[in-house]
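The hints should help you fit chain B onto chain A, whose structure is shown.
Number of protein chains: 2
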Amino acid sequence: MLHKEKRNVIVGQSGGPTAAINSSLAGVYRTARDRGYKKVYGMIHGIQGFMEGRYVDLSEHITNGLDSELLKRTPSAYLGSCRYKLPEIHEDEELYKKIFKMLDDLEIDCFIYIGGNDSMDTIKKLSDYAIVTGSEIRFVGCPKTIDNDLALTDHTPGFGSAAKYIGTSVKEIIRDGWSLETEHGQVVVVEIMGRNAGWLTGSSALSKGEDCDGPDAIYLPELPFDVDAFVEKVKGLLAEKSSVVVCVSEGIRTEEGKYVCELDNYNDYVDAFGHKQLTGTARYLCSLLSKEIGCKTRAIELSTLQRAASHCASRVDILEAYEVGGAAMKAADEGDSGKMVVMKRLSDDPYQMGTEVKDVHKIANDERLVPREWITEDGTYVTNEFITYVRPLIQGDVAPVMVDGIPRHLYKPGFQELL
Amino acid sequence: MLHKEKRNVIVGQSGGPTAAINSSLAGVYRTARDRGYKKVYGMIHGIQGFMEGRYVDLSEHITNGLDSELLKRTPSAYLGSCRYKLPEIHEDEELYKKIFKMLDDLEIDCFIYIGGNDSMDTIKKLSDYAIVTGSEIRFVGCPKTIDNDLALTDHTPGFGSAAKYIGTSVKEIIRDGWSLETEHGQVVVVEIMGRNAGWLTGSSALSKGEDCDGPDAIYLPELPFDVDAFVEKVKGLLAEKSSVVVCVSEGIRTEEGKYVCELDNYNDYVDAFGHKQLTGTARYLCSLLSKEIGCKTRAIELSTLQRAASHCASRVDILEAYEVGGAAMKAADEGDSGKMVVMKRLSDDPYQMGTEVKDVHKIANDERLVPREWITEDGTYVTNEFITYVRPLIQGDVAPVMVDGIPRHLYKPGFQELL
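Heads up: the protein sequence lines correspond to chains A and B, in order. Position one of the first sequence corresponds to residue 119 (my numbering), numbered consecutively onward. Position one of the second sequence corresponds to residue 119 (my numbering), numbered consecutively onward.
Among the clues, some could well be false.
Treat identical chains as interchangeable: a pair holds within one or across any two.
To be verified - Pairs of lysine-lysine residues, derived as DSBU-like cross-links and limited to a Cα-Cα distance of at most 30 Å, are as follows:
hint	residue 1	residue 2
1	K351	K530
2	K122	K219
3	K448	K215
4	K203	K409
5	K353	K530
6	K216	K359
7	K359	K203
8	K359	K530
9	K122	K448
10	K216	K157
11	K448	K124
12	K530	K326
Just so you know, these hints were derived from the structure itself, not from any lab.
Only chain A is shown next, with the shape it has when bound in the complex (with noise of 0.2 Å):
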């Protein structure tokens, strides 16, 4: 069934990015490489691109080890990503027909993509045409979200990194408040991304340690938001201390479902999933506070510098991003289809991961959120048991190539045109 000599692959990147969807697309190249496939190529801005007839052959780009080093400090999706989702079958067949010709017309025989749950989706409907049809292409979906709510996996490549700049972003924000003293004393708010899944907001709890009492309250997406109580539990806070910091998930609602930035909103964008652009929950809750309570307040998003900061990578996260694109190249090469690769964790201490295939329709469209019991009884914390998960995550440190005093990234000539 499969073909005698190998021919061609396709990988391409899809989602929010992250600072760490790079290093699975070096190692993606790195194992078609090994395995002896000829051409690697690459999507610019994903399934959307190609079907535009928008691709690269990434032997251009990564030309040697020092290229594929720099890719894996490089943030953001360095194809370029989409937010596209495909029709179903019986929708427009004619568009799986034209997207199966452009693949067989480059000879491909793997198509890996990188992406989040909706990514998934794309290698679910991909592989099911190809089942149907009797295409013996193969497509193997790879892992990517600094959100971590890819079901079946015990984590996702991204996420790592996004935990260990939230975590040491959310320690000197901690330390800043010190600095200052204000009579009425001051509250900082600092709002994470993650629409439905804590993990990101739980990770600033990684600021805990001996030399940081970490955020004084973390609200979690996962529970419902009561604004009476939060302006209550932030009163008795600031009865005890002068600076207090609060960290809250973009995502939360209350009790009806509203999105507390709804509250007070000023954009109103949707992306194409439908997605509302949240923003502005943290604004609200100061602008709440400083009428309540009569503090200062100041409101602090870590928007994209969260899912970006390459310069603040997790070492684990990036050699694993790595490992789990090299183990979606080698499923797909060994026959693979319909699957993602997953992560399993041997080990929390040692901490030790392996990799397997998990069958993509178990996974797409199912979000992953953090446990109930992992969040503190009165919902205003994550409890140890979530610090014991993340904290291997966030070991070791990916050094920048420093050029001039700023990281160095990975951009060949010309190629900003292409995107």
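This is chain B only, laid out in the frame that chain A set:
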């Protein structure tokens, strides 16, 4: 005139914290010890806390070389800071009598104050009062501010680390913007600190290099901000590229002198010096752009992250801060008073820096702005001269001491309670 036998030193931190202010504290301590002073006291929350009798013996905090190294890597003001302006001597001489009585009781020979413009005013007034009363206590200022707006000094410790963080983060934000295509283009507006001086905002251009075009436009507070021209500029940029990143100072004002953030503000705190809390400039501009152009927008405030990011500190900056602390102590030891240490650039390439002492009367309350000729004629970028000036200040890294994946800061049990 000088005491034959050296007695004690007191040091305080004042104004907004930085990533380097503690390195200066370490430098003061080390030089005071090396020069034979008995005790080195630290004021808790600067002169304001000291007047309440709050101070510590620093030898309990810097007990060995490792403590000193951790202190250099600890953001925010270790001793706590204040924004307190002393009254004029004739307005409240009793207060001055009280302060000098306290200093005499502690057998202080040298009073070192690490701070910015407002803090040098304290040095000026106390040294004036010493002259008036014949006190032999020497008062010397040690410059500190991320804003880089102190007169007579080539630059200020704290600026280099903030500039490095800004260059690094803006580069990551720009790269992040390459990732996703948006139908009508996307604009990120990054809001950077610096009320009147654009040194930090201009430093976003450090992101420019062989692998990055830098921000698409930069607006400093030195020039009036024309809202309509800004919208036209962005329109023009979006006609050429789909992802636009613009950096603006928090302090940009219209021709009429109105802060842009006041065109849409939700918060009107005023600090002890009558400075309004500036925030919301980027948000206002994003809201305007999405209304006028229909593009996707994202506002990012670097907020306190930019002044607290020890994890991304400049080695040149941290070492210079240490040296300048030592130089302030040396000056006081050798009899200077009413002086501030300034930095004098001996050479750009190779970069060489020396210190001098200058009369604090020439410095206090005087702001050094970005010269007009270092801003492009159309007012939307900084020139190469600006970059040549800043580049040496961001060189080299200070590896954080990582514990459990997160940078360790100096912390002594029970100390936080003193703040």
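Structure-based check of each hint:
Taking the shortest Cα distances, K351 and K530 sit within 30 Å of each other only across copies (28 Å), while inside one copy they are farther apart (52 Å). When the C-alpha separation of K122 and K219 is checked against a cutoff of 30 Å, the pair qualifies only within one copy, where the shortest distance is 21 Å, while the shortest distance between copies is 92 Å. Taking the closest pair of Cα atoms, K448 and K215 come within 30 Å of each other only inside a single copy of the chain (26 Å); across copies the shortest separation is 79 Å, beyond that limit. In this assembly of identical chains, K203 and K409 lie within 30 Å of each other by CA distance solely across copies; the values are 28 Å between and 43 Å within a copy.
Only between protomers do K353 and K530 lie at most 30 Å apart by alpha-carbon distance; the minimum there is 27 Å, versus 53 Å within a single protomer. Taking the closest pair of Cα atoms, K216 and K359 come within 30 Å of each other only across two copies (29 Å); inside a single copy the shortest separation is 63 Å, beyond that limit. In the homo-oligomer, the alpha carbons of K359 and K203 lie at most 30 Å apart only across protomers (24 Å), although the nearest pairing inside one protomer, at 49 Å, exceeds that limit. Taking the shortest Cα distances, K359 and K530 sit within 30 Å of each other only across copies (18 Å), while inside one copy they are farther apart (52 Å).
For the identical chains of this complex, K122 and K448 are intra-copy neighbours only, at 16 Å inside a copy versus 78 Å across copies, given an alpha-carbon limit of 30 Å. Only within a single protomer do K216 and K157 lie at most 30 Å apart by alpha-carbon distance; the minimum there is 21 Å, versus 80 Å between protomers. In this homomeric assembly, K448 and K124 come within 30 Å of each other (Cα to Cα) only inside a single copy, at 13 Å, whereas the closest approach across copies is 72 Å. When the C-alpha separation of K530 and K326 is checked against a cutoff of 30 Å, the pair qualifies only between copies, where the shortest distance is 15 Å, while the shortest distance within a copy is 41 Å.
Checked against the numbered hints given earlier, the structure satisfies every one of them.
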